[in-house]
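Chemist: Residue numbers (UniProt numbering), protein chains in the order written: chain A, 1 to 255; chain B, 1 to 255.
No lab work stands behind these hints: they were computed from the structure.
Computed from a predicted structure; not experimentally measured.
Fair warning: there could be bad hints in the mix.
As the list claims (entries may be wrong) - With the C-beta cut set under 10 angstroms, the calculated list includes, among others, these residues of chain A facing chain B: (1) S13; (2) E15; (3) Y59; (4) A61; (5) R128; (6) A130; (7) A133; (8) H136; (9) Q188; (10) N222.
Said to hold, decoys possible - Residues from chain A that keep clear of chain B, each with C-beta distances beyond 10 angstroms, as calculated: (11) R28; (12) R46; (13) D91; (14) Q162; (15) T187; (16) V223.
The C-beta atom is built at its ideal place from N, Cα and C for all residues, glycine as well.
There are 2 protein chains.
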Amino acid sequence: MNDIDAPLREPLSAEALEARLRSIGEQRYHHRHPFQLMLQNGELDRRQVQAWALNRYYYQAMIPHKDASLIARLDDPALRREWRSRLVDHDGEAEGEGGISRWLMLTDGLGLDRDMVVSTRRILPATRFAVDAYIHFVRERSVLEAIASSLTELFSPMVIGQRVSGMLKHYDFVSAETLAYFEPRLTQAPRDADMALDYVTRHARRLDQQQAVLDALIFKCNVLWTQLDALHHAYVAPGHVPPGAWSDKGAADDR
Amino acid sequence: MNDIDAPLREPLSAEALEARLRSIGEQRYHHRHPFQLMLQNGELDRRQVQAWALNRYYYQAMIPHKDASLIARLDDPALRREWRSRLVDHDGEAEGEGGISRWLMLTDGLGLDRDMVVSTRRILPATRFAVDAYIHFVRERSVLEAIASSLTELFSPMVIGQRVSGMLKHYDFVSAETLAYFEPRLTQAPRDADMALDYVTRHARRLDQQQAVLDALIFKCNVLWTQLDALHHAYVAPGHVPPGAWSDKGAADDR
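Model the full assembly from the supplied sequences, consistent with the hints where possible.
Modeler: Put into structure tokens, the structure is as follows:
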């Protein structure tokens with residue numbers, strides 16, 4: 001059993017809790033996933049990058065639902081205001097702005113039909129199940145756990161940098177414009193993560209609260225890891241695209 | 001696009017609706033899944049059969065939650081009584097009886113530690129996400145869709161027969177006693193499926209209702225298929241066990 005899987009025996013200081021959260025990220029965040037490494041090392045073909053962008057769109061599209069569910073549960077107007085910035089980041093101030101629109105610039109650039117992407121009907125069922133698990137988690141668990149589950153953003157800058165530089169270097173079908181999604185995330189994610197980390201270390205003082213926070217971050221790492229597992233199984237290993245998913249041989253509309 | 005994925009254009013007769021449901025099962029049910037074929041053809045090793053039984057335990061354990069959620073939403077006492085038989089099948093009349101207990105005879109027989117199995121803490125995250133998606137579906141969708149999502153039982157007898165005979169033939173670590181779960185299912189599943197099919201064909205008359213019923217069965221086939229995809233990726237392809245799951249090399253308590 002990994003250290004990070006062992007139950008806590010006594011409450012940790014704020015510093016020790018943060019260290020343990022960072023250790024979970026080091027071991028469980030998807031920067032270690034084989035599919036992520038293949039993506040940034042130029043080992044995927046165009047179809048595989050398309051499949052990644054298509055499926056990840058569903059995650060991007062559901063993030064504002066997740067954040068709005070959380071805001072709906074917060075009693076403190078100041079905290080609601082802070083969290084509201086995430087809605088702005090993803091939905092923008094006007095049509096064509098925000099993270100979801102920028103993600104569609106990527107899927108456009110990869111030659112995927114925008115209506116097919118937005119419909120989400122050709123994503124892997126495993127993508128939908130994992131993302132929906134995150135939505136349900138934020139709706140149903142405590143506010144502390146819901147906020148803690150966002151702490152994967154502590155680790156996203158390290159993967160975004162490598163992903164963008166690796167994709168630009170290796171793939172001639174990818175341009176800086178089509179990767180416009182990632183640039184703002186390099187400042188948004190640390191701001192969001194600092195705020196969530198501050199909340200968590202101030203509010204998780206008891207043993208059971210700290211355990212719940214650690215488990216919430218492990219859960220969220222699993223949500224991300226499982227999405228890449230499903231992509232890897234369906235589109236790297238030959239012959240495993242599930243029925244009805246994009247690029248299934250029985251299907252005809254794979255734009 | 002498969003025929004079964006094309007939207008309905010006009011309402012079907014009850015017979016045509018049933019035929020279409022059966023066609024979905026023929027194309028999407030997990031009797032076609034490579035992992036299922038390997039299981040019944042004796043191509044898995046003991047560790048892979050253990051992983052299957054461990055993960056499938058979570059599905060078995062959650063079924064009464066799913067059925068109780070549905071009963072809680074039914075207005076008709078007669079229908080609640082009929083559906084209650086599913087609770088009896090899975091939970092039994094007394095300690096040690098019912099489908100969940102019989103599934104634990106299988107995991108016992110395969111040498112898995114019962115406490116570890118019952119804790120479900122070493123299952124694949126993808127198993128949990130897929131099964132929980134089914135639970136949420138039954139809680140949140142219409143009663144008609146919830147009942148339709150149970151229609152995979154129409155197809156289970158065909159897979160149970162092959163699974164039991166194949167496993168007994170090929171695996172010396174499996175006995176008829178450890179497969180006791182399956183025998184009652186050969187009569188329970190058709191009884192349950194007939195009842196659900198009767199309800200669905202009587203209540204789904206409008207185009208939108210029939211489309212929802214077909215989509216519910218596709219959803220449920222995806223729930224089952226995704227579980228086998230995750231097992232296949234983690235335990236057949238080498239080196240893909242996700243962090244923290246049973247048989248992860250970083251973990252020490254793999255009984």
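Chemist: Failing hints, ascending?
Modeler: 1, 2, 3, 4, 9, 11 and 16
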